[in-house]
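Enquirer: This is what each chain is made of:
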Amino acid sequence: MSITEERRAAVIGTPMLRREDPALLTGEAKFTNDIPIPGALYLGVLRSPYAHAKILSVDVSAAMAFPGVVAAYGGADLTALWAAPMPCAWPVTADMKNPPHYPVAVDKACYAGDAVAVVLANDDRVAHDALELIDVRYEALPAVIDLEEALSDRVVIHAGAGTNKAYTWDLKCESHEGAVDEAFAAATHHVKERYIQQRLLPMFMEPRACAAVPQPFGGDMTLYSSTQIPHILKVMTALTLGIPEQQMRVVAPAVGGGFGGKLNVYAEELLCVALSRKLGVPVRWNEERAENAMSTIHGRGQIQDIELAADADGKLTAVRVRLIADMGAYLQLVTPGVPLLGAFLYAGVYDLPVAYDFSCTSVFTTMTPTDAYRGAGRPEATYAIERAMDSLAAKLGIDPLELRKRNFIRKDQYPYTAFSGLTYDSGDHLAAAEKAAELVGYEALRAQQATQNVDAGTKRLGIGVSSYFEMCGLAPSRVLASLNYSAGGWEAATVRILATNKIQVVTGATPHGQGHVTSWSMIVADKLGVAPEDVDVLHSDTAISPLGLDTYGSRSLVVGGVAIAMACDRVIDKARKIAAHQLEAAPEDLDFIDGTFSVKGSPDRATPLAAIAFAAFTAHDLPEGVEPNLEAHVTYDPPNFSWPFGTHICVVEVDTETGHVDILKYVAVDDCGVQINPMIVDGQVHGGVVQGLAQALYEVASYDENGNLRNGSLAEYLVPAASDVPSVTTGHTVTPSPTNLLGVKGIGEAGTIGAAPAVINAVVDALSGLGVTDMMMPASPMTVWNTIKAAQAGSTTGGK
Amino acid sequence: MIPAAFDYKRAGSAEEAISLVGEYGEDAKFLAGGHSLLPLMKLRLAQPAVLIDIGRLSDLSYIRDAGDHIAIGALTRHMDIEQSPLLGQHVPLLAHAASHVGDPQVRHRGTIGGSIAHADPASDLPATTLALGATYIVQGPTGTREIPAAEFYLGFLESALAADEIVTEIRVPKMNGAGWNFQKFNRRAQDWAIVGVAAWRRGNESGIGLVNMGSTPILAVSVSAAIASGAAIDDAAKLAATDAEPQADLNASIEYRTHLAQVLVRRALTAAS
Amino acid sequence: MQISVTVNGTTHESDVEPRTLLVHYVRENLGLTGTNIGCDTSSCGACTLHLDGEAVKSCTVLAVQADGQRVDTIESLAIDGVLHPMQQAFMENHGLQCGYCTPGMVMASIGLLNENPNPTEQQVRLGLEGNLCRCTGYHNIVKSVLACAKGAHS
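Chains as they are written, first to last, in this note's numbering: chain F, 29 to 828; chain L, 6 to 278; chain G, 16 to 169.
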């Protein structure tokens, strides 16, 4: 028997079933509002029905008199509770305006949904009944919902700021001064487009919920919250409420999706903790869906002006971008930073000379604050460049896929130093694009299109290509510092081998559907030669996992997972010393294979990790200077972002009579480097793609001129169901990341980043013969029909 | 969302239900499957003081062959209509339309009588029964009366039903082999129709009901008149909105809705011919 | 008001306020928190359970309407630690991520196969039109239901 034959099959790379699933499938898993908390008071929040109004008076007396009500407060009654305003962790510029934002508004409501009063009752029903008895008198002020109108400062929302402009942030990268202007002057082809990134609602399925539970003795406070970020929330709650940080504990129980919407510090979390401290009893709050639509952050909300300069062959020579970004009424946790996350990606996956001119001006409006939503800045950027590339292809009269091929950063250029100075670690864009083209049957589809899209045809075929980068794995701390982000981008991990050779892993990454427990178990299993089920993964509780920076920006695996692998290596190093001591060999002479240490060349001189674990536990005979127990803690700060990439191709048929878009086929080829669990990878892509195509076809937060959200329910805000979306054909290329131990890249946001431009490019492609050159999102049937009609009316020759 | 508090009375018979509503007057509402009323109550857009549950009146759940028509008990659920072999044979348009109501969970609870009594112009079955020339049997304190569907719908969520009356039966003429088609145009399958068309045709005879094309379900009589006078389908379909008063909403402008009605009526009549 | 409901095989006599929704009844009165609430408008299907053997949205049924009837929730499915074939199919096909829509999705899927044991992909997609999921893009949910149907026939 050779060693090779004995080796356990690797777990990494297999579609191992998720260890999380049984609890979730049986109803055993506890989401925040499943946790029984005896004696808890229920918080009800009264929200402004006005987008912009002075609060003249708040009378809670009738609510107070309602049976079952324990307390009721207006904003002015609560000001003593706040040590600081609600936090914004990303002051992107020194002169950024950050108007004070408190959990309950005092003088003025600045969006419909802004909290104006609260009630505490012994029952959720009573709290809701009592809210109807609070009498708030308002003086309505004009709503500000148009971004360009907001910039005019005709109505200034925050008097203290003196302007609606939050900041302007520039990224100008030129090989020499004037390079961008020169490139545009010399360009053979010039594309200038305006795109609108509509506001979106995250609409995770579990509405937010939180519960603050004070400890009866001592000052400790536990906050249970349906959050992506228990660690960040702990720090921020402590700072905002003046609680010593060591007395604050945050637990994220089972969390039903987040997509960025639970990457925040919310008024209700602060209210529960503050009121619980004030009254000395637990206080809990369950968000209703209608509240969720108004009071949970929104995503996107940008006007994008993009210009491309290209030479006669269509090779890009310069990119110029002007953004106006909608902050909403206040800056939430990372609101101002979202456009910056996309700022580096408006040249996409293309080889661009150092001629890039990006500027973003961000503006306050009287709408719900925006913040990170799946992809955060990067879907917006990818949409703009990928739509503009299609415009450029149309100008050149060449196939959009061909244009991309001419511009891709070539594989042999990697590692590639981009115009911005960022290093893209690895990539093979051509391979991904060719694989996608092959999977979808690109040539055959183009041939079919030529015969199908004839003048009289009302069912038009369209093919849309989108190639993307997902700059993710947030992030190297020094890069975050250069962007003025107030925290780092590291992640913490502890790997502990217990006396019985069972493994305890502590991670600072906080899962809410991504399958961390499964993936981390797989990494540890391969590293330590144990079965995945022998690994327990502890997470999402700051008392158990005190250090961590949580889950967002496709960072968990590439930062947190890599930290786990590094901690395993450190544990093995320590175990190796003990094994060497037992085997009377030098540590460097030992192999560690499948959980057993053996002396190189003498496989019979071996000792299993289990024996070392027990020896480390008993500590009866450890080598000099080696402490008892096998445990290692790693805090890993990644040296670079992670650079997943891919090409998506969408095939649609558009009914030109009704404007209905039918997705016939969707192919996603993604390269996330080494895949720990390909089943989970595909699941992330499927979900991401549908979220992206939902932006393209279904979703928009629709406001009326008074600043009221008109579709704040799941009956009207069109999160698609199974009946409304296609299946997704996934394919992969594998270009391992050279910058981390596992060769992995993120995959959480890739689908969303790739999808919207693929879908809209397909719709525009289908209708190009009718003179259509652009399509607003969402491409609802009415929008498509109106666009066709306008294109036909606009030009008698434009209709082919 | 939690409804405002109310008193709950369960009726053991139609007579008891009617007498209960007489007792409580305008503050009372009937509750059948609850799938029109409860969503409104949860949003507190409806706050009846008393709910009179007629959901247990099992003698009002039936589908019977009554000679020239099929008699459907008001408390027959959408799912039972969808799956009824009798309706599949004699009134396939109605069975098919019922399969488009809401989603399966809704169709397990929602009833045809509840849907008709709610008189929502965006509902599928009011317009479909209107197209089919149905007659509704309603019962009140002084007995029963028949109301032709064409006379039932008076305004937005308003019908000829008095507050102390309940719909007990829907009588739908047999289609006798007429061609038919149902078009439901919406964004998501579970949604209300942006525009819906229920159409049947037998030679020059036709019936076309429009969903969500006004404050009531609409009978497109102009289209039928054109067909009767021998007009081509394309020409007749252009009259689709003649009898309608389409409103604008997030999904459709008046112009788009009008256009959709024309396209969908044309498609429905073509398929039914 | 006094009601008697047989939930997961056990008959419960309870006194409830008439406005109590069935979902609140099973969650709060009976502590069966597997059934989730995702919306206010009967749109999302997270609260789907079986009432007299059929899938319904328990946010749109009053507890008093269930008086005398049989209710089965997600907690009834796994017996002695063995997952129901539909639960098993969801696990094997990665038909869930965050798991919040999952109890409703599983109950709706079982209802779907009860009524149509051998559905096409399109019939599965339409049969789940009343259940929203934000994580999976539905691809693997549909795959799970088809796999369960196929398993039942093999």
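Mixed in with the good hints, there may be bad ones.
As the list claims (entries may be wrong) - Simulated pairs of lysine to aspartate or glutamate, EDC-like, Cα-Cα distance not exceeding 20 Å: (1) Lys200(F) to Asp379(F); (2) Lys14(L) to Asp30(G); (3) Lys14(L) to Glu43(G); (4) Lys817(F) to Glu260(L); (5) Lys179(L) to Glu151(L); (6) Lys693(F) to Asp456(F); (7) Lys530(F) to Asp379(F); (8) Lys34(L) to Glu32(G); (9) Lys487(F) to Asp683(F); (10) Lys343(F) to Glu466(F); (11) Lys193(F) to Glu167(F); (12) Lys220(F) to Glu176(F); (13) Lys487(F) to Asp239(L); (14) Lys243(L) to Glu177(F); (15) Lys179(L) to Glu163(L); (16) Lys14(L) to Glu90(G); (17) Lys220(F) to Asp248(F); (18) Lys58(F) to Asp30(G); (19) Lys220(F) to Glu273(F); (20) Lys14(L) to Asp82(G); (21) Lys693(F) to Glu136(G); (22) Lys82(F) to Glu167(F); (23) Lys220(F) to Asp209(F); (24) Lys243(L) to Asp683(F); (25) Lys58(F) to Glu90(G).
What the hints assert, rightly or not - Short, incomplete list of chain G residues facing chain L, as computed with Cβ under 8 Å: (26) Glu43; (27) Leu45; (28) Gly46; (29) Thr63; (30) Val79; (31) Ala123; (32) Asn129; (33) Glu144.
These are computed hints drawn from the structure, not numbers from a lab. Predicted, not measured: the structure shown is a model, and the values here were computed from it. Ideal Cβ placement from N, Cα and C applies to all residues, glycine included.
Enquirer: It remains to establish, for every hint, whether it holds in the given structure.
Expert: Status of the hints after comparison with the structure:
The hinted pair formed by Lys200(F) and Asp379(F) meets the criterion: a straight-line CA distance of about 17 Å does not exceed 20 Å. Pair hint Lys14(L) plus Asp30(G) holds up; C-alpha atoms about 15 Å apart against a cutoff of 20 Å. For a cut-off of 20 Å, the pair hint linking Lys14(L) to Glu43(G) is broken: about 23 Å separates their Cα positions. Restraint check: the Cα-Cα separation between Lys817(F) and Glu260(L) comes to about 12 Å, which is no more than 20 Å; the hinted pair holds.
In summary, the hint linking Lys179(L) to Glu151(L) is supported, as the alpha carbons are separated by about 18 Å, within the 20 Å threshold. Of the supplied pair hints, the one linking Lys693(F) and Asp456(F) is violated, its CA atoms being roughly 24 Å apart against a limit of 20 Å. Pair hint Lys530(F) plus Asp379(F) does not hold up; C-alpha atoms about 49 Å apart against a cutoff of 20 Å. Proposed proximity of Lys34(L) and Glu32(G) is supported: the alpha carbons are some 17 Å apart, at most 20 Å.
In summary, the hint linking Lys487(F) to Asp683(F) is supported, as the alpha carbons are separated by about 5 Å, within the 20 Å threshold. Taken as a hint, the Lys343(F) and Glu466(F) pair is broken in the structure, with Cα atoms around 24 Å apart against an allowance of 20 Å. Distance hint between Lys193(F) and Glu167(F) is unfulfilled; the C-alpha atoms sit about 24 Å from each other, more than 20 Å. Distance restraint check for Lys220(F) and Glu176(F): the Cα-Cα separation of roughly 19 Å lies within the 20 Å cut-off, and the hinted pair is therefore satisfied.
Of the pairs offered as hints, the one joining Lys487(F) and Asp239(L) holds, with about 18 Å between alpha carbons and a cut-off of 20 Å not exceeded. Of the supplied pair hints, the one linking Lys243(L) and Glu177(F) is violated, its CA atoms being roughly 41 Å apart against a limit of 20 Å. For a cut-off of 20 Å, the pair hint linking Lys179(L) to Glu163(L) is broken: about 27 Å separates their Cα positions. Taking the CA atoms of Lys14(L) and Glu90(G), the gap is about 31 Å. The hint is violated against a cut of 20 Å.
Restraint check for Lys220(F) and Asp248(F): the C-alpha separation of about 57 Å exceeds 20 Å, so the hint is violated. At most 20 Å may separate the alpha-carbon atoms for a hinted pair to count; Lys58(F) and Asp30(G) exceed this at roughly 26 Å. Under the criterion of a C-alpha separation no larger than 20 Å, the hint pairing Lys220(F) with Glu273(F) is inconsistent with the structure, at around 51 Å. Using a Cα cut-off of 20 Å, the hinted pair Lys14(L) and Asp82(G) holds, with the two alpha carbons roughly 13 Å apart.
Simply put, Lys693(F) and Glu136(G) have alpha-carbon atoms about 15 Å apart, close enough for the 20 Å limit, and the pair holds. Proximity of Lys82(F) to Glu167(F) is assessed by CA-CA distance (about 5 Å); at most 20 Å being required, the pair is judged to hold. Restraint check for Lys220(F) and Asp209(F): satisfied, since their Cα atoms lie roughly 14 Å apart, inside the 20 Å limit. In summary, the hint linking Lys243(L) to Asp683(F) is supported, as the alpha carbons are separated by about 19 Å, within the 20 Å threshold.
A hinted pair counts as satisfied when its Cα atoms are at most 20 Å apart, and Lys58(F) with Glu90(G) qualifies at roughly 13 Å. Contact between Glu43(G) and chain L, as hinted, is not supported at the beta carbon level, the nearest pair being about 11 Å apart and thus beyond 8 Å. Violation of the interface hint for Leu45(G) is found here, the shortest Cβ-Cβ separation to chain L being roughly 18 Å, above the 8 Å cut-off. About 19 Å separates the beta-carbon of Gly46(G) from the nearest beta-carbon of chain L, more than 8 Å, and the hint is not met.
Against a cut-off of 8 Å between C-beta atoms, the interface hint on Thr63(G) holds, since the closest Cβ of chain L lies about 6 Å away. With a least beta-carbon distance of about 5 Å to chain L, the hint placing Val79(G) at the interface is held under the 8 Å criterion. About 7 Å separates the beta-carbon of Ala123(G) from the nearest beta-carbon of chain L, less than 8 Å, and the hint is met. Annotation: interface hint on Asn129(G) violated; nearest CB of chain L at approximately 11 Å, more than 8 Å.
For Glu144(G), the suggested interface contact is upheld, since its CB lies about 4 Å from the closest CB of chain L, less than 8 Å.
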